[in-house]
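Engineer: For reference, the chains in residue letters:
Protein chains: 2
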Amino acid sequence: MIKKNDAITARKVDFSRWYTDLCLKAELMDYSSVKGFIIYRPYGYAIWENIQKYLDDEFKKTGHQNVYMPLLIPESLLKKEADHVLGFAPECAVVTKGGYENLEENLLIRPTSETLFCEHYAKVVKSYRDLPKKYNQWCSVVRWEKTTRPFLRGSEFLWQEGHTIHETEKEARKETLDMLEIYKNMAKDLLAIPMITGKKTEKEKFAGAIETYTMESLMQDGKVLQSGTSHYFGQGFAKAFNISFLDKENKQQYVYQTSWGASTRLIGATIMVHSDDNGLILPPKVAPIQVIIIPIKQEDDEVIKKTNQVKLALEKEGIRVSIDTSIKSPGFKFNEAEMKGIPLRIEIGPKDILNNKCVVVKRFDYQKKELPLNENLASEVSNLLDDIQDKMYQKAKDNLDSHIYEASSLDDLENKLKLGGFVKVAWCGDLKCEEEIKDKYQATTRCLCEDKKSKCICCGKKTTTQVYIGKAY
Amino acid sequence: MIKKNDAITARKVDFSRWYTDLCLKAELMDYSSVKGFIIYRPYGYAIWENIQKYLDDEFKKTGHQNVYMPLLIPESLLKKEADHVLGFAPECAVVTKGGYENLEENLLIRPTSETLFCEHYAKVVKSYRDLPKKYNQWCSVVRWEKTTRPFLRGSEFLWQEGHTIHETEKEARKETLDMLEIYKNMAKDLLAIPMITGKKTEKEKFAGAIETYTMESLMQDGKVLQSGTSHYFGQGFAKAFNISFLDKENKQQYVYQTSWGASTRLIGATIMVHSDDNGLILPPKVAPIQVIIIPIKQEDDEVIKKTNQVKLALEKEGIRVSIDTSIKSPGFKFNEAEMKGIPLRIEIGPKDILNNKCVVVKRFDYQKKELPLNENLASEVSNLLDDIQDKMYQKAKDNLDSHIYEASSLDDLENKLKLGGFVKVAWCGDLKCEEEIKDKYQATTRCLCEDKKSKCICCGKKTTTQVYIGKAY
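Heads up: the sequence lines are chains S and W, in that order. Position 429 of the first sequence, counted from 1, bears residue number 429 in the numbering used here, the numbering being contiguous throughout. So the numbering used here is basically just the index in the second sequence, starting at one, shifted up by 1000.
Don't take every hint at face value.
Calculated lysine-lysine pairs in the PhoX-like style (CA-CA distance at most 25 Å, straight line) [stated by the list, open to error]:
| id | chain 1 | residue 1 | chain 2 | residue 2 |
| --- | --- | --- | --- | --- |
| 1 | S | K61 | W | K1285 |
| 2 | S | K25 | W | K1123 |
| 3 | S | K53 | W | K1134 |
| 4 | W | K1126 | W | K1251 |
| 5 | S | K35 | W | K1080 |
| 6 | S | K311 | W | K1061 |
I should point out that these hints are in silico values taken from the structure, not numbers from a laboratory. Predicted model only: the values in this text are computed from it and were never measured.
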């Protein structure tokens, strides 16, 4: 691969600059005049719409319903669950005035909406017949952040938050894991990203949860990214908010609760897993434009006629396709299509029409091939897109698999962490050891993995707990 | 129609209570603990999703792209356009703290996003080749309101706001009217609501606009409701925010701009135009559930088998259908289906199966008929739904047409206003007369209508301007 595009920094030179250059130059986002608040430009937002569509369909298929809760939370409401307020109060944006008047009680812009769902559930649930309630909401949330980075960490981000309540622990625990599975499948099927999934440690779990499950992905620079979480709350919030119901035996019970969320951070993951020094590389399933047709000699009526024919044929096959007829040179258009990560580019010129073929170039591996301009073109292009999707996943999976290490001592951990990726270590389960590792190596526990008899690499205590460690965004 | 449902106040007793009773009992919304901020419950939100889907498709078909702008606006940015800040500053919720620290500059929760779009457009537009930009955003906005009412006026509401910039005045003016037309068609096709459209007076136009176009609908109590607006801005914002471009002759020009919005207020309009004392009546096109099947003797396996068969057959026809198998009496289920405004109810019991027919009841006019349980059922039901949609529009149209009056004097106006609806009067165009009418009759100009030589009903001055007056929500 030759770097043709000077607009963005090379990954080797500065991965972090490469990333922000790409976000800007591919026109995914722009900065606004409020620090940490970004503008989702049409091309970036269209990726989010494709993620939304996939997830929304899955949520509805599994019996979830969308709702919309208020943007603002009274300070007193956030304080009802003790752990929850400790976790979120320091990050809240505070509304103190409305229409020139000072408010009697401060209102917080939602950093997450557990408390609002709880208050509503407490009001509407009376009997086991009202259960389960499986609600989801698409919205933005605000968390005041000091250091921000497009899509990865922002003072405002877009997400969905699911909040469900159930009659039994078993059902709620199943929901928690089912939703994690939906996220993981989405990452694979849509974003071509393999995920490591597992339970967070006590230290890393969500404020107010009994258990937090996470999916974690590996970026090209070796850093790892928390990409979606699903929480089991037990009856903690239910007791704090008095969400109770009469069960089949006419006894008053508290509900069992879950919440789960995935955000525009997934756009960041997609960029950092797949793209290269010439720009974005999008998996076909999530790409807003899957095929771009570039006419060579667009002043030729025959060329325009043929490109339109091809576009229609591809659209009939359900492919998202566009023609670039802007007044620019083909070379310029090629670069632009590469910057935007469009999976396939089709070139059609007068010579191609004479020879009844077109040139097809894959963004993913720059491979060129000729395809006949006949009635099979659309299905061949469709197969090519499927093939690209599979290969992109396989490449990302190979990269992940080759960056999962084991370490049996702290020195070993330090060395493996330098290689980037996930390092599996034995850990006693104590916060002290977890914090020591974090302080020493700026690496955190990502999630627990399968049990195995061993000794904690930090304190040497006997343990069966294994945990993945990584340097995270 | 017999009033069977005591859960809601009758319209004649108290229209306003009828409305809020219905919003709550049909489970469209609930109140939250912050005044003026409502919870959109699943059934209410599903109506909004259907409106979103219709509009979003139309926007995309006409070349618009979705984006997402920040939630917060720096106070200084809102102040850039003089009229705009006067209109919106008094309604803003103000964020003064972020993460425990006082902010250097206050941030306003967006009451509308003109200023954010302008700032972005100024940054990204350089040449006529970058035009037009036709962006839309789905979001919630906050406007601090003293008196609030579900869906009609809230401190937070959901909406879409389109913001476009163009090379020429002609193109921008066309966009303004095209979008009004899309709104009007949506109201007719989806919500079965006829609209009166026209230009707002200087007094009633949007803060910062040169012209505001509106669509206005008539509620059953004779009050009128502004249901969607489209604004032509000329170059006002462009000059305040310096949105300029090099034209084809290489000269620097300012863009011409529009914005347009429709909100969850449309849910309120749909309720108040169509519903009755037994609950909601939803037009089939926008109804989350179009057909509810109620099994009579659901302990009978044959009944359950048959209802499932019918459900599948209707779903194949693209009908949104559900079966009510809850442990309640059929009578109770009928009431519930009526409360929720489900357009068609199908009853299937053992006797019906023996006779190979089912009972179909229309929510709209309570008419009952029997349909054979054969392979034509789905298409017959589909036709029935289309017919209901048409009839509901026609009924609303007849009501509107019979409530458009003309008045030639102030006394005449006063009497006509008592009948409810729109009163057409001659008006000199002066603010003084407009305000006098408002003060005297608590009625406002809704929009201008066709020109006609006459004399202002207030001051007697010669004029060709005619305007609709109505008592509005």
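Engineer: Evaluate each hint against the coordinates.
Structural biologist: Evaluation of the provided hints:
| no. | hint | result |
| --- | --- | --- |
| 1 | K61/S <-> K1285/W | 21 Å, holds |
| 2 | K25/S <-> K1123/W | 14 Å, holds |
| 3 | K53/S <-> K1134/W | 22 Å, holds |
| 4 | K1126/W <-> K1251/W | 11 Å, holds |
| 5 | K35/S <-> K1080/W | 19 Å, holds |
| 6 | K311/S <-> K1061/W | 16 Å, holds |
Every hint, counting from the list given before, is met by this structure.
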